[in-house]
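S.K.: Single-letter residue listing:
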Amino acid sequence: MPKVTIDNIEIEVPEGTTILQAARMIGERNKADRHVVPPAMCYYTSLKTSGGYCRTCIVKVSQGSTKDPRPMPKPVASCRTNVMDGMVVQNTTSPELLDARKGVTEFLLINHPLDCPICDQAGECHLQDLGYEHGAEGSRYEFERRTFDPIDIGDTIKLHMTRCILCYRCVKVAEQLTDGRVHGVINRGDVSEISTYIQQAVENDFSGNMIDVCPVGALTDKTFRFASRVWYTKPVDAHRDCENPKCTGKVVLWLKGNEVLRVTGRKDQWGEVESFICNTCRFDKKDVKHWTVEGPRHLDRHSVIAPTTTNSSRSRSSLPRPLRKAPP
Amino acid sequence: MARKLLLEHDNKPGIQGLEGYRANGGYRSVEKALKTMGPEAVLEEVKKSGLRGRGGAGFPTGLKWSFMAKPPGVPRYLVVNADESEPGTFKDRYLMERIPHILIEGMITSSFALGANVSYIYIRGEYFYIYRILERAIEEARAAGWLGKNILGSGFDHDIHVQVGAGAYICGEETALLESLEGKRGNPRIKPPFPAVKGLYGCPTVVNNVETIAAVVPIVNDGGEEYAKIGIGKSTGTKLISAGGNINKPGVYEIDLGITCEEFLNSDEWCGGVQGRALKALVPGGSSVPIIPAELYFKTAAGEARLMTYESLSDGGFATGSMLGSGGFYAYNDAQCIVRSTWNHTRFYAHESCGQCSPCREGTGWMEKVLHRIENGEGRLEDIDLLWDIQRKIEGNTICPLGDAAAWPVASAIRHFRDEFEFHVYHPQKVKDPKHFEKTPFVRKPKTVAA
Amino acid sequence: MASTIKAVTTTEGVAPFRFSEAGLAECRRLIARYPAEQSKSALLPILHVAQSENDGWLSVYAMDAVAEVLGIQRIEVFEVASFYSMYNLHPVGTYHLEVCRTTPCMLRGADDLMAHLEKRLGIHVGETTKDGMFTLKGVECLGSCGTAPMLQCGAKYHENLTPERADSLIEQLRAENKRQNYTDQ
Chain X
219 MPKVTIDNIE IEVPEGTTIL QAARMIGERN KADRHVVPPA MCYYTSLKTS GGYCRTCIVK
279 VSQGSTKDPR PMPKPVASCR TNVMDGMVVQ NTTSPELLDA RKGVTEFLLI NHPLDCPICD
339 QAGECHLQDL GYEHGAEGSR YEFERRTFDP IDIGDTIKLH MTRCILCYRC VKVAEQLTDG
399 RVHGVINRGD VSEISTYIQQ AVENDFSGNM IDVCPVGALT DKTFRFASRV WYTKPVDAHR
459 DCENPKCTGK VVLWLKGNEV LRVTGRKDQW GEVESFICNT CRFDKKDVKH WTVEGPRHLD
519 RHSVIAPTTT NSSRSRSSLP RPLRKAPP
Chain B
3 MARKLLLEHD NKPGIQGLEG YRANGGYRSV EKALKTMGPE AVLEEVKKSG LRGRGGAGFP
63 TGLKWSFMAK PPGVPRYLVV NADESEPGTF KDRYLMERIP HILIEGMITS SFALGANVSY
123 IYIRGEYFYI YRILERAIEE ARAAGWLGKN ILGSGFDHDI HVQVGAGAYI CGEETALLES
183 LEGKRGNPRI KPPFPAVKGL YGCPTVVNNV ETIAAVVPIV NDGGEEYAKI GIGKSTGTKL
243 ISAGGNINKP GVYEIDLGIT CEEFLNSDEW CGGVQGRALK ALVPGGSSVP IIPAELYFKT
303 AAGEARLMTY ESLSDGGFAT GSMLGSGGFY AYNDAQCIVR STWNHTRFYA HESCGQCSPC
363 REGTGWMEKV LHRIENGEGR LEDIDLLWDI QRKIEGNTIC PLGDAAAWPV ASAIRHFRDE
423 FEFHVYHPQK VKDPKHFEKT PFVRKPKTVA A
Chain W
1016 MASTIKAVTT TEGVAPFRFS EAGLAECRRL IARYPAEQSK SALLPILHVA QSENDGWLSV
1076 YAMDAVAEVL GIQRIEVFEV ASFYSMYNLH PVGTYHLEVC RTTPCMLRGA DDLMAHLEKR
1136 LGIHVGETTK DGMFTLKGVE CLGSCGTAPM LQCGAKYHEN LTPERADSLI EQLRAENKRQ
1196 NYTDQ
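Protein chains in written order, with our numbering: chain X, 219 to 546; chain B, 3 to 453; chain W, 1016 to 1200.
Check each hint, because a few of them may be wrong.
[As the list claims (entries may be wrong)] Reference listing, derived: stretches of chain X covered by chain B, where coverage requires no fewer than 3 residues with Cβ under 8 Å from a Cβ of chain B:
no. : region
1   : 259-273
2   : 322-328
3   : 335-346
4   : 388-398
5   : 468-475
[To be verified] With a straight-line Cα cutoff of 30 Å, these simulated DSS-like cross-link-like pairs (lysine-lysine) come out:
no. : chain 1 : residue 1 : chain 2 : residue 2
6   : B       : Lys193    : B       : Lys151
7   : W       : Lys1193   : B       : Lys251
8   : X       : Lys266    : X       : Lys474
9   : B       : Lys50     : B       : Lys72
10  : X       : Lys292    : X       : Lys376
11  : B       : Lys151    : X       : Lys285
12  : B       : Lys193    : X       : Lys292
13  : B       : Lys251    : X       : Lys285
14  : X       : Lys278    : B       : Lys193
15  : X       : Lys266    : X       : Lys320
16  : B       : Lys193    : X       : Lys221
[Stated by the list, open to error] Negatives, chain W to chain B, calculated, CB over 10 Å:
no. : residue
17  : Leu1058
18  : Asp1079
19  : Glu1091
20  : Gly1161
Note that these hints are calculated values from the structure, not bench results.
Cβ coordinates follow ideal geometry from the N, Cα and C atoms, glycine included.
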């Protein structure tokens, strides 16, 4: 089994493991080492061919392998690069790499509306986390941001294209989980957008998973729209015997009092759902009596909704700070 | 008069057709390879020739071919990259238009070496009329038995198809080209796996430029060693240069690698000198390579005469050198504005970015906006540093080389012509007229460039 | 800075589309070039056929017809049609004049050519003349840098253009009044 060293921490991993997965294994082995895990905005373990697009997970490979110790000439996407025996990787220990990641974060934010105060994703948004951890205080971008009108893609999903970072996760969900993809990426360059074909509705038993995999507030649950800030809700694990054979029925209910405001999949510490759920569980079972409640959901990621977070300073707010005024 | 290997017969009557091509020695390499050589021997000759990819990257062709995976029972493909879109480059168009059969001949011989029974030409959509020329040439070759089953009784089957694109520079990147050939958006793939392992339809594939494949013809005919005698060091053979911009004789020229840059620009055999005015700057290898000021075109920083080779043109690295690239050569006279040209370059890259990865999608558009502002007299001094920082953060951080290609022209323009950017900031009124340097050329302050 | 002209995504007031017999034959010829299970490969060339048979642009109906011919999802067609710059997702004039404006052409006077055409046709770049005869578009490098400035109309390249030559080209096209497509033989 190949051994890889990431930020001076060594781990032995199975053949075919990516650098990102190896880093997550280090983080899972010892919570104190979680800082070596690169942020990932587009990679999603259970979605084939995901990853490589956002470039936030880039790392520096300062030694390719024992066999060929040459460093890799450019930063590589850790989510799509397999480890080799004897590979040495730098993430947080390389100032140039952190500078490059800061650049990527800035690129992702220049056209983002920063409308966190009215965005349902706020509090569980990966772009907020990224901006907080790797972003600059202000923006150097002084031009008009590109905007799109929010549209309904089906009865239950709202698309705010202005917030989208084009991670392609929702496209992969449609491709791999549903039969007959009706939405995709149209146009190119900086006017690329996620869109359905001529305002077709996305109607499929598993389409709601697009909401769960969206790292930002581009795809949100219309049944939860403006219902509550997520940090005022109480997440509990619950399950039901779902009639759909592809659905495990294992969910998280987001409660306010006894009211079920929202149903989502169960996300692990890396923000990925453990199993995909069907639309009936997600949108139609909004009553506690539909569910067997297991107990409080333990949230294990930096977030305003995670009381168990290890770093209390992080829980204050992960909103990007206000924009500095443009220089005259 | 230099020797010509590819364009020797370009003005012969009927050379576009099979008959005229045959009359001038066409398809000899197929006969030689299939009847007397065998695939391994062809590969050996290509390796010996030192031929390097003519599309821009300059990767050794023999080495690329040797990476081709050979799993049993899986088809292999040769795909010819005729998506010539690099601004300044029009050599493949000329070659395919004049002598389409040299490409087909090269493809049969190369496919034989690679063990590919089907090959594709992916040609850019704008060259629709050449797509028709190629279709006709393929028909002719098929009718004459150069394509099909059991060619020349050798047991080798081969067929060629041509596919037309629809306007996307990015499809010149080999994996984007394969995606496009599969009927998808031209989004470059994440590598590895490389096409030699998983290419077209998931099968082992070699993607080569038109000129590279055409060069296999003289290499097989005369031997790799003969080919390698032309040129200097690792720059062997002849190269087609597309010459344009402010020169007296624009056109496609076949040169021996190794002639001096000065001779190429000023000799009447080639460019015939700069049109009317003084030479200001040069892009020697297509818009993606660094732009260099006149003095660094003629001489390297060490004071040696600059040669038309891969090595000499990149001597001095990015600080004082450039690159041979695809051979898209264009000269600027002193009426031209570097800021305007850089803005134009950046608009091109912003327009052609596929939008898949964030640094390129967002960064190219941002640079275009900042450059537009400076060129129109609305820039600030900080904008120049901002541009420098944006290009630095795009370069090396993208999925494919388009990000680098967008960054380098900006970096080199600021590196060599920073004072011209500053002039735009200090004299907004003077740059309002788009032709601001026509009456009074901008004179650079002489500076020593740090190596 | 890609095109900001939105696609026409309505079917209202748009003529229905059906491939002609010759068009369908061409589609079959193109599909035959690829392995049996890879017919999607023919999407780009077939979109060109559809565009030529639909007055030079791809309407919703035309894209639907392409999806049907290839047996693929309609979104797959739209994704591709909106990616490539030669597919027009909105109607264009009888003559689509595509003027190359990239640096090598700019060095040889593309800006002047464009300004001249705008004045001569009385429209801005991106617009169509009132009589529907000419659409003027600025495009990126067409691989004609040695014969710049130039423009493409249909499959034809018009090179080494001076204002006079551009004028006579326009007169000639106006007199012919016949659509030119990329797919013209």
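S.K.: Could you run down the list of hints and mark each one as holding or not?
M.R.: Against the structure, the hints:
1. 259-273: holds (count 5)
2. 322-328: Coverage by chain B holds here, the residue count being 5 at a Cβ distance below 8 Å.
3. 335-346: violated (count 0)
4. 388-398: Per the Cβ count (0), the hint is violated.
5. 468-475: violated (count 0)
6. Lys193/B / Lys151/B: At roughly 35 Å apart (the allowed maximum being 30 Å), Lys151/B and Lys193/B break the hint.
7. Lys1193/W / Lys251/B: violated, 35 Å
8. Lys266/X / Lys474/X: With Cα atoms ~36 Å apart, Lys266/X and Lys474/X exceed 30 Å; violated.
9. Lys50/B / Lys72/B: It holds: about 22 Å lies between the C-alpha atoms, which stays within 30 Å.
10. Lys292/X / Lys376/X: Violated, because 38 Å separates the two Cα atoms, which is more than 30 Å.
11. Lys151/B / Lys285/X: At roughly 45 Å apart (the allowed maximum being 30 Å), Lys285/X and Lys151/B break the hint.
12. Lys193/B / Lys292/X: Holds, because 13 Å separates the two Cα atoms, which is no more than 30 Å.
13. Lys251/B / Lys285/X: violated, 52 Å
14. Lys278/X / Lys193/B: Judged against 30 Å, a Cα distance of about 16 Å means the pair holds.
15. Lys266/X / Lys320/X: holds, 27 Å
16. Lys193/B / Lys221/X: holds, 22 Å
17. Leu1058: About 4 Å separates Leu1058/W from the closest Cβ of chain B, which leaves it inside 10 Å; violated.
18. Asp1079: holds, 16 Å
19. Glu1091: violated, 8 Å
20. Gly1161: violated, 4 Å
Checked against the numbered hints listed earlier, the structure breaks hints 3, 4, 5, 6, 7, 8, 10, 11, 13, 17, 19 and 20; every other hint is satisfied.
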